[in-house]
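K.L.:
Going by my numbering, the final residue of the sequence shown carries number 630, and the count climbs one at a time with no gaps.
Everything labelled a hint here was simulated from the structure, so no lab data went into it.
Think of the CB as a built atom: it goes at the ideal place given N, C-alpha and C, for glycine as much as any other residue.
The reader is advised that the hints may include incorrect statements.
[Unchecked claim] DSS-like mimics (lysine-lysine), calculated; alpha carbons at most 25 Å apart, straight line:
#1 134 with 451
#2 134 with 447
#3 134 with 446
#4 381 with 577
[Said to hold, decoys possible] The following label-pair restraints were derived from C-beta to C-beta distances:
#5 404 with 554: 16 to 22 Å
#6 341 with 35: 34 to 40 Å
#7 474 with 239: 48 to 54 Å
#8 483 with 102: 23 to 29 Å
#9 211 with 120: 44 to 50 Å
#10 458 with 483: 19 to 25 Å
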Amino acid sequence: MFLPNLSFFAVSYVNASQMSNVTIVLLYAALLVIVTSIISLRTNDPDPMLAGRNMPWWLIAGSIVGTCVSSIAFLAIPAKGYTFDFNFLLGYTISLAVVIPITFFFFVGFLRQTRDASIYSLLNQRFGKWASVYASIIFIVYSTIKMGVITCLVAQAIHLICGVDIVSVMLLTGAIVVFYTYMSGIEGVIWTDLFQALILIGAGIISVYFICEFIPTTSHSLFDSIKQAPLCLEKTDLLKEEWGGLVIACLFFFAWDGGFFMSNQGIAQRYIVARSDNHAKWGLAIGGLMLPLIIALFFGVGVLLYVFHQGGLLGLEPTISGAENVFAQFIANHFPDGLKGLAIIGILAAAMSTIDTGINSSSTVLICNLYEPYSKATGHRQSLLVMQILRASSAAFGIAGIFAAYLIHLNGESALDFFWKAMGVVSSGVFGLFLLMRISKKAGLKAAIYGVVAGFILAFWMTFTVGLDHPWASPFHYMLTAPMSIALTVIVGLAMSLRPEKIINSDSIASIPSSKTRAQLAQKRKRAKKNIFADSLRPKPFYRLYACIAAIAGMVLYIEAPSIGLVELDLKVLLASIACLLVVALMPFVIRNTYNKRYACFYLTLLGFALPFVGAIALFTHPTD
């Protein structure tokens, strides 16, 4: 028999109870693709990077929440709650209470003055091209690795929950995000971020309710159980005695959140595409108000899981060593099928809302700061090239994120730890430049360069010498690296600005097209999009490639059906599917006019009939289940 030890099909079946989870996840993925495709066709934005600068405040708020809260929140924050890490909760909340008002009053309107869709163009106008190139490259590298980290984390979590292959989850997640980001630009990203934020919040609320059902106590006794928990008492006393740890946490989160809201392209692009300064500010305010509530929600999930374990409901004592996987393990072992699928959607939604922002904002920075300043193309040709580069770079950054996730999965935490240390050293200068630019109107080229170099040297010393047995080793806590290096960048820049120097300043506020101009541009872009969409439906080489791969899989199934348990399979259906796939693969070599509408309709119909048959057969290799 051909391929007698074929193990792939023998182990890759899904039973009936698990199919509810798979169905929910597939429906979510299909809905995401359909919605973003519709947005892509109906959008009125004349520029895919600016969305017509017409987004309302509530959409901006939802998008900010979706971008800020990644799958890390869904999985890592419950671990913080499980260990009663009050320094994390209070430090994050206090820093947001400081960062959001500063950004609201001093940065939103300022960042909206950029002449294009990238805030790093402001650095170019003030300090020269080196500053915008420096910030853009750092942001692209940071975003790519962050996409890899989140993709890897979500793949590991879903593998832990339902046993799906980690690499397969990476590929599927990346492919879906790349598709809708490629299709719809910033407007589609913002809308999907809103939907995914709502799904994430809903998943968190359902999780709290379901965990409480497993704890047979009243709300009053539950609160008493939390207060009297040994670890809670220990961490509360520790917080009272060592308040310096909370101060360090607040400084660290201020540097982190400040850089995120004031100098990160992924968030700042939301301000830029807002309908007005007020819409941008209130979108930030509402989104910033929701973030601590969401963090508290998932922190509470971890606290409830501690009480659940402490109550001996599993015959286990709560242990801190496995805290990072405690929520995923609870989902895997105790969530019923169906609800487990909703939890998986919550994890995927949190991941996708961060990944799509990384892809789109990296493409925007590439075009605005690394391509357009050096391009000689003008007019209509420039617009076409920008659209092509935006699409191609979206696909390229998505693939790079998947590849980064795979490398992180292979190499473990050692390479990742080194990367985060290195990025902390080089990226703190970007936030320092924005603070310097906002605080001082006199700081110019030399002030910026000296400030960045000084901050870099301090961050390098504090990061890579801490813990060494050497008299020159850093005595400071590693969480102080970012705030101290940022502060030094600003201080040195202010000191150097006392000496008069030439300021590079070309204040040019980004133009907002008139309603008539927007309508004309929108009509042209709609026609172009419809032509692109129609062209994508015509027979393509990759359709034939898919058909060949599926036909080979179908042939293997047909030959190996008895040996892998497909005794009840109707082989006639499988043969019909294989025949359709072969016709799809071979037909373009026979038909001359492949642009004929009837031919395209017949071609896609065959493909549509054939692939579900093969897919369903591959999925249900044990039909009796």
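K.L.:
Take the hints in turn and mark each one as holding or not.
P.N.:
Going through the hints against the structure:
{"no.": "1", "hint": "134 with 451", "result": "holds (13 Å)"}
{"no.": "2", "hint": "134 with 447", "result": "holds (18 Å)"}
{"no.": "3", "hint": "134 with 446", "result": "holds (18 Å)"}
{"no.": "4", "hint": "381 with 577", "result": "violated (60 Å)"}
{"no.": "5", "hint": "404 with 554: 16 to 22 Å", "result": "holds (19 Å)"}
{"no.": "6", "hint": "341 with 35: 34 to 40 Å", "result": "violated (23 Å)"}
{"no.": "7", "hint": "474 with 239: 48 to 54 Å", "result": "violated (31 Å)"}
{"no.": "8", "hint": "483 with 102: 23 to 29 Å", "result": "holds (24 Å)"}
{"no.": "9", "hint": "211 with 120: 44 to 50 Å", "result": "holds (45 Å)"}
{"no.": "10", "hint": "458 with 483: 19 to 25 Å", "result": "holds (21 Å)"}
Of the numbered hints given earlier, the model fails hints 4, 6, 7; all others are met.
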